[in-house]
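Taken in sequence, the protein lines are chains A and B. Using numbering that gives the first Met the number 0, the letters of the first sequence map in sequence onto residues 0 to 283. Using numbering that gives the first Met the number 0, the letters of the second sequence map in sequence onto residues 0 to 413.
A few of these clues could be false.
[Stated by the list, open to error] Covered, in the sense of this in silico footprint (three residues per stretch, anywhere, with C-beta under 8 Å from a C-beta of chain B), are these stretches of chain A:
id: 1; stretch: 32-45
id: 2; stretch: 112-119
id: 3; stretch: 276-282
[Stated by the list, open to error] Chain A is nowhere near these chain B residues, computed Cβ spacing over 12 Å in every case:
id: 4; residue: Leu-222
id: 5; residue: Gly-285
id: 6; residue: Pro-308
id: 7; residue: Cys-348
id: 8; residue: Asp-390
[As the list claims (entries may be wrong)] Here are some chain B residues the structure puts well away from chain A; computed CB gaps all over 10 Å:
id: 9; residue: Arg-60
id: 10; residue: Glu-112
id: 11; residue: Asp-188
id: 12; residue: Arg-253
id: 13; residue: Tyr-271
id: 14; residue: Thr-298
id: 15; residue: Ser-326
id: 16; residue: Val-337
id: 17; residue: Pro-354
id: 18; residue: His-407
Simulated from the structure, these hints should not be mistaken for laboratory data. Small disclaimer: the values here were computed from a predicted structure and weren't measured. Every residue gets a Cβ at the ideal spot worked out from N, C-alpha and C, and that includes glycine.
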Amino acid sequence: MLRDLESATPAPETIRLEATRGFSRVLAPRELWRYRDLAAQIALRDITVRYRQTLLGAAWAVLQPIGFMVVFSLFFGSLAGVTTNGLPYAPFYLAALVPWTFFANAMLLGSDSLVANSGLVSKIYFPRIFMPAGILVAGFVDLAISTVILLIIVFAWGLVPSAAILVVPLLVAIAAAAALGASTLLSALNVRYRDIRYVVPFGIQLWLFASPVAYPSSLLEEPWRTISAINPMVGVVEGFRWATLGEGAPPWDLIGISAVAAVAILLAGLAYFDRVERGFADYV
Amino acid sequence: MAATAIETEGLGKRYRLGLHKRGYGTLREAITGVFHKEDDEPDYDGPEFLWALRDLSLTIRQGEVVGLVGHNGAGKSTLLKILSRITEPTEGHVDVTGRVGSLLEVGTGFHPELTGRENIFLNGSILGMRKAEIRKRFDEIVEFAEIERFLDTPVKRYSSGMSVRLAFAVAAHLEPEILLVDEVLAVGDASFQRKSLGKMTEVASQGRTVVFVSHNLAIIQALCERGVLLERGRAVADGPVKETIDQYLTALERSASDDLLERTDRDRRGYYDTQICRVEIADTSGGPADVIVSGQPATITVDVTEEVPALECRLTIADSLGQPVTSMDSEISAPADVREPGRGTRLECQLASLPLLPGRYRIDVLLKAGRHIQDGLQAAGFFDVQPGVIDGRPVPPAGADGSIVLPHAWRLPT
């Protein structure tokens, strides 16, 4: 209430606009705070727009991982006989597909977010980071829905998650950091180089098979198993399996390495985004 | 004296040219570019670069209503883009005091998938407003924009007129301390234009700052007290609006008498397979060019540089304030039109009688071929209309209104 009164008669604030150099804008706390309502609006918008004018609506949040789960169970499990370390196919694959789908969608939609919203970017100012970040936040809704489905399937197959399930928020944070880093980098590149639009869907497919989604990472021999965790999704996916299925040894080594890698990707993405943000309106 | 709202100092914005020829640049170019680092600082004053704004120092006080005038490409829109923080200046700086609401070109800042209602809130938060403030103004906005029935329709289904009405309503009602408006009023019907102008006057009278860009000098003159003339990115005149406009008109005439190919304000959308190089109007009796007697037949001649198939031409005659009087478009054909093979680079538009009141007029030219605009020039030519006779009636009739005279006859009691 008090805040409303204040902003109704705001003390006019002077902003200096000039060519920026170095790091300054992307994470400028005052700037982000000033536009906090907008950040919420954009995230809300991404949630409402995501499944608007679709026949199945939010069911898509679930259909995508479930579809992959069926396909993987048939081809990798039944036909190719890829080991699942003795776990039933459905929960084994779905426990990996839930965080993977969250990550892949945030990257796919996020990398296109600036170009897709060129109408806003070229007409009004706001911290541009809100675009890929809004996509990411909207993805949490899908993630929550599909996690519930995952737990239903876990119980249906007679498994019981252990206390390890409390690690899930940490794993989600790692996936979110990696996704935000990748999508800020890719969305910024996409403004300049429309190649990105074709690279991303293809890259996501490669990344899927580079991550232990369709197979357990124990298939890799050491030291490769540990080294593979520089792909942040390795720690996230294996961690998710351990945390939700209540089976196996905790893959703390993988989670640790992946967390570091995710932070590195995030910093790299933000650094590049910051460097090129000022030119978006001139190129988009 | 009122506090400063906008203060620019040494403001400059540089663009690299030739981008549209090389596309967006490919990733490969960027990657190879990393390994072939340019050692030399490029020549920023060279032909590869364009300074859309240069060395602009301008102070606008709170409550001032400022009109920006100038050719296409003089830097007006670039200035508004910098003020609204969409793009950064290359050099210099601006200090902006207060919340900025902007209305740049058509279809401003709406998300097409969201409904009108949702977009109002989105735009409000872009302006930095709290939800409660927006709610307070909501009904007013909807009523002003006349979109009650479409409030829950996604904006992508709006007509362009509806979008502009809503955009204007949002920008004007959300109480920005500084309102930037770029040429948007050209869209929308006349009654909405009038309403918008009224709203802008009201905004200005509440002590808020308005910076306004329009090609319509009559609107600028009516609305603004101060005018700034931009030419090639620099402010060349700044003062009472009437004086600035006069100076602009003088500059326009000067540029029409120069070689048209030297003009830098060509329509930015042009393809330039062919360009306008000369525009002239003459009466058919062989009198002096660019002086026509009211009611006499006349021919407007446009010379272009290259012969291009399916060339179409649109001529707009405007009065001295830039207010269009009438236009002639070859794309809308009539049986009397003649298309001759091997006609070369000269287009002619014949008028059986020039029904204009005495005064000074200008001709704007737009060339099209296929579906593309080839070239466009405002104020490509000027001419004077001298008093004459139409259907035996002297022109101008005493106390004439407007700019044109229709051939007519009366039936009256004796």
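Which of the numbered hints above does this structure break? 10
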